[in-house]
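There are 2 protein chains.
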Amino acid sequence: MLWGGWRGFTSYFCAMLRNDIICALATPSGMGAIAVIRLSGKGSIALVDGVFNSTNKTKKLIDKASHTVHFGTIKKDGLLLDEVLVTLFKDAKSFTGEESVEISCHGSVLIQNKLLQLLIEKGARMADPGEFTMRAFMNGKMDLSQAEAVADLIAAENDAAHKVALQQMRGGFSKEIAQLREELINFASLIELELDFSEEDVEFANRDHLVQLLTKIDKVLTRLIQSFKVGNVIKNGIPVAIVGAPNAGKSTLLNALLNEERAIVSEIAGTTRDTVEDEIHLGGLSFRFIDTAGLRETTDTVENIGIKRAFEKIEQAHIVLYLYDAANPESDLETHVNMVMEKAGNKSVLVLANKTDRAKAPVAFTNTNISPIAISAKEGLGLDALQDALLTLADTKALSNNQIIVTNSRHYESLNLALAAINQVQDGIEIGLTTDLLAEDVREALRHLGNITGAIEPDRDILGTIFGKFCIGK
Amino acid sequence: MLWGGWRGFTSYFCAMLRNDIICALATPSGMGAIAVIRLSGKGSIALVDGVFNSTNKTKKLIDKASHTVHFGTIKKDGLLLDEVLVTLFKDAKSFTGEESVEISCHGSVLIQNKLLQLLIEKGARMADPGEFTMRAFMNGKMDLSQAEAVADLIAAENDAAHKVALQQMRGGFSKEIAQLREELINFASLIELELDFSEEDVEFANRDHLVQLLTKIDKVLTRLIQSFKVGNVIKNGIPVAIVGAPNAGKSTLLNALLNEERAIVSEIAGTTRDTVEDEIHLGGLSFRFIDTAGLRETTDTVENIGIKRAFEKIEQAHIVLYLYDAANPESDLETHVNMVMEKAGNKSVLVLANKTDRAKAPVAFTNTNISPIAISAKEGLGLDALQDALLTLADTKALSNNQIIVTNSRHYESLNLALAAINQVQDGIEIGLTTDLLAEDVREALRHLGNITGAIEPDRDILGTIFGKFCIGK
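As they're listed, the protein sequences go chains A and B.
Residue numbers for the first sequence follow this note's numbering, so the first one is 14 and each next one is one higher.
Residue numbers for the second sequence follow this note's numbering, so the first one is 14 and each next one is one higher.
Source of the hints: derived by calculation from the structure; they are not laboratory data.
Careful: at least some of the hints might be erroneous.
Said to hold, decoys possible - Only some residues are given here: those of chain B computed to face chain A with a beta carbon under 10 Å: (1) R51; (2) F84; (3) T86; (4) L92; (5) E115; (6) S121; (7) I124; (8) T146; (9) I167; (10) A178; (11) M182; (12) S384; (13) C484.
To be verified - Here are the simulated SDA-like pairs of lysine to any residue, each with C-alpha atoms no more than 20 Å apart in a straight line: (14) A:K482 <-> A:S42; (15) A:K127 <-> B:H83; (16) A:K55 <-> A:D104; (17) B:K77 <-> A:F84; (18) A:K89 <-> B:L298; (19) A:K106 <-> B:L298; (20) A:K360 <-> A:I386.
Claimed, not checked - Coverage of chain A stretches by chain B, computed from C-beta distances (three or more under 8 Å per stretch; other residues unrestricted): (21) 43-52; (22) 161-172.
C-beta: ideal position from N, C-alpha, C; glycine also.
My request is simple: use the sequences and hints to build the entire structure.
Okay, here's the thing in structure tokens:
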């Protein structure tokens, strides 16, 4: 029903979209062994036929089967541009759900541009960002939340984000929403029926069953909303603040953590990754260090520039590392640690005794809550224990339990609005609200649930916002 | 014969190369809509079969036809890594000439790394730079000069370099060399025969015909060697020096030229190209401005820091632009221009009268050889005339005549050595050298000609040097 719903809407919406032939570079820009240019739209294959010369000239591309690859040359005004491989996707069998072609050429920037120019000359136009995926959505190949997951998948920087995006792309998330929405639609239609017969005071929609369904929806929405906390952490990384007196070794610690990770990453030669500065990946999660630029330049400290700067960092963090020099501990150390712990409130604070390789004796703390982890950032000692502690603090049980996790703030917002409407309906039933007012709240809840998957007509602005975030060629 | 020759050598040489399964990212590194991972080597398809789950499970990939594409998922330890398209190339039908697979995945850096890791775990190894093309060479899919052209093609930054690399990749260059070498081999075998019958004083190899052939080879080699001058310019750009007094507008001119080109390039949205700083592309050629960093920072000048710096630039240039402020000409202008022209010698000097929009009257020169081009770099006036003049000075008639052009310095060197040996043979015949000494010179010439196409066993170091310059994945 849901699918039928937005398929119906699709045909309406299509009128406002162009269904011409789009083309774009699908691989990252720059030089490589090969590059792939993608075309989509009715007539794509015929367009490529016009510029492609197969080594085996017996048949045109248009006569070949879907999902086959053909070697040949592409010429412009008789001049050879490149030797290419052309892959054909016919109609519904493609990613976009329409006739598509992929041209695999030599990975020269010049050739990429020349081929695109030629295709544009022959009638294609440059695709807008996300337009291929938008067409997949418009052609019923995926719902809106699945389309959004494609962008998340490409941008995923850690295992957890990758896992959640894949789960969502394969429909895990929207299936649950769609099911609930369908059940609610059944009730809604019964309630609307009551309105038609309002003079007769009949009750088609069993209120007890409705209350049961609302409780179920309430539970699911609440769980999904709560999962966003984890989802956000997965997507954006866990913010970590490192604070402590000057010369405690904050930047040495950061470098030690970053270097260790880089060494792992660079094991596979030739797959240089664009590591985000000051972010480490542990157990499939990203830990993002806050404001580390300052850490390296200034003598940012609890004592000097004062508590203020450190407190600002703590505010932005989920986890706080308090680092002190065990070989030469600051006076007032315990006071500082206590201040930081107090400021941190519910946030987790790890106290780290650095330079323990040169310390004569461990610092004795009066506060029994303080149990420092002994490390030496310089010598790389105790870093495993620190990493284990960080992972323990990152509460991602939901992830390991294979639960569905919401990572998209647009979904989060819609879920909250839907929950508010559901609660409104629940309250309405309790206080015996009239059917017409109840119907309105039910409609409101349906609208917000539909927004997530695109089951109801999405705003043109929403589509623009969603697909505008994609890279070109996707 | 040539092909037979190096195919024979190939089987010998293969022993020293591994023929295991190699894998690498074939598309540029970084984030994009899609990325392509390439595998090559016997057993590649079976390897991918081990991790790939087709949506249509009736057949294994190994049972599918060559040049077909299959949609499915790749899992690791039961965990989904990505939805992918797998393209199969069976045996001799692939680029490398051996069983190959291309996996097209989502363009996330994380996914790329995870897939490569998985393939390596399953028995593949990361390919060395150029190893795919090296295998194409080893498997007789292309000769050495064609393989080298692949790297040139990918790196080509202008139309001319692109054209020459394509021509060479398609064998235009090596065909000519191979033909000559084959004819010379026929003579060589007759001469060797004479040596066997040396006591009988017979002459199997007609000396007149040999002299004719040598003259032909001499002519071809000389032409190819001469083409290198153009070839080098095509590949590396034409070095241009801008000199003149301070405030003549040198950096404004450079920016005007660069901006005009960038505007053209950026017409195709989303295909940002990595433009080389201070290089403009005109009529398919690159003009490379020398030492422009200094141009912007210092008041580099003929008057101040003195002639020395300007003269150094002129030395490195093929074309010299002398720029002066027409609204406020320097005293001694003509003296300076004369000095620069003298220093330039055979090099082309263009004198440019800048700021002509604000000049009251043109400067009168006594030297009739000085005919300035009137421009205004700031207002963009006269730039077309300047660009036309630059193109006229770049002598690339050979290019427009579709002549074969040598761009590779390794080939240039071999051609020179071959020509020297050919000349030696010519001299030998003239002075009536004994057959055994003649045979030696002929062998020497054959060796150098063979080096170009890899017809004779190339040095392991040579192969390393050639393919080491490739990017990984090619």
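Hinted contact B:I167 with chain A - closest CB pair below 10 Å: This hint holds: B:I167 lies near chain A, its Cβ roughly 5 Å from the closest one there, short of 10 Å.
Are there three or more residues in the region 161-172 of chain A whose C-beta lies within less than 8 Å of some C-beta in chain B? Held - the region 161-172 of chain A has 8 residues with a Cβ nearer than 8 Å to chain B, which meets the minimum of three.
Quick one, are A:K106 and B:L298 close enough, alpha carbons at most 20 Å? violated, 43 Å
Does the structure keep B:K77 and A:F84 at a Cα separation of 20 Å or less? Holds. B:K77 to A:F84 sits at ~18 Å (cutoff 20 Å).
Quick check on B:M182 please, does its C-beta sit within 10 Å of some C-beta on chain A? The hint holds - B:M182 has a Cβ within 10 Å of chain A, the shortest such distance being about 8 Å.
Less than 10 Å between beta-carbons is the criterion; does B:R51 satisfy it with respect to chain A? holds, 7 Å
With a cut-off of 20 Å on the C-alpha distance, tell me whether A:K360 and A:I386 pass. holds, 17 Å
Given hint B:T86 near chain A, where the shortest CB pair must fall under 10 Å: This hint holds: B:T86 lies near chain A, its Cβ roughly 9 Å from the closest one there, short of 10 Å.
Mind checking the alpha carbons of A:K127 and B:H83 for me, to see if they're no more than 20 Å apart? violated, 29 Å
Does the structure keep A:K89 and B:L298 at a Cα separation of 20 Å or less? holds, 19 Å
May I ask you to test the interface hint for B:E115 with respect to chain A, counting a Cβ-Cβ separation under 10 Å as satisfied? Nearest chain A Cβ about 8 Å off; hint holds.
Hold the hint about B:S384 up to the distance rule: shortest CB distance to chain A must be less than 10 Å. violated, 35 Å
Violated hints, listed in ascending order, are 12, 15, 19; each of the other numbered hints is respected by the structure.
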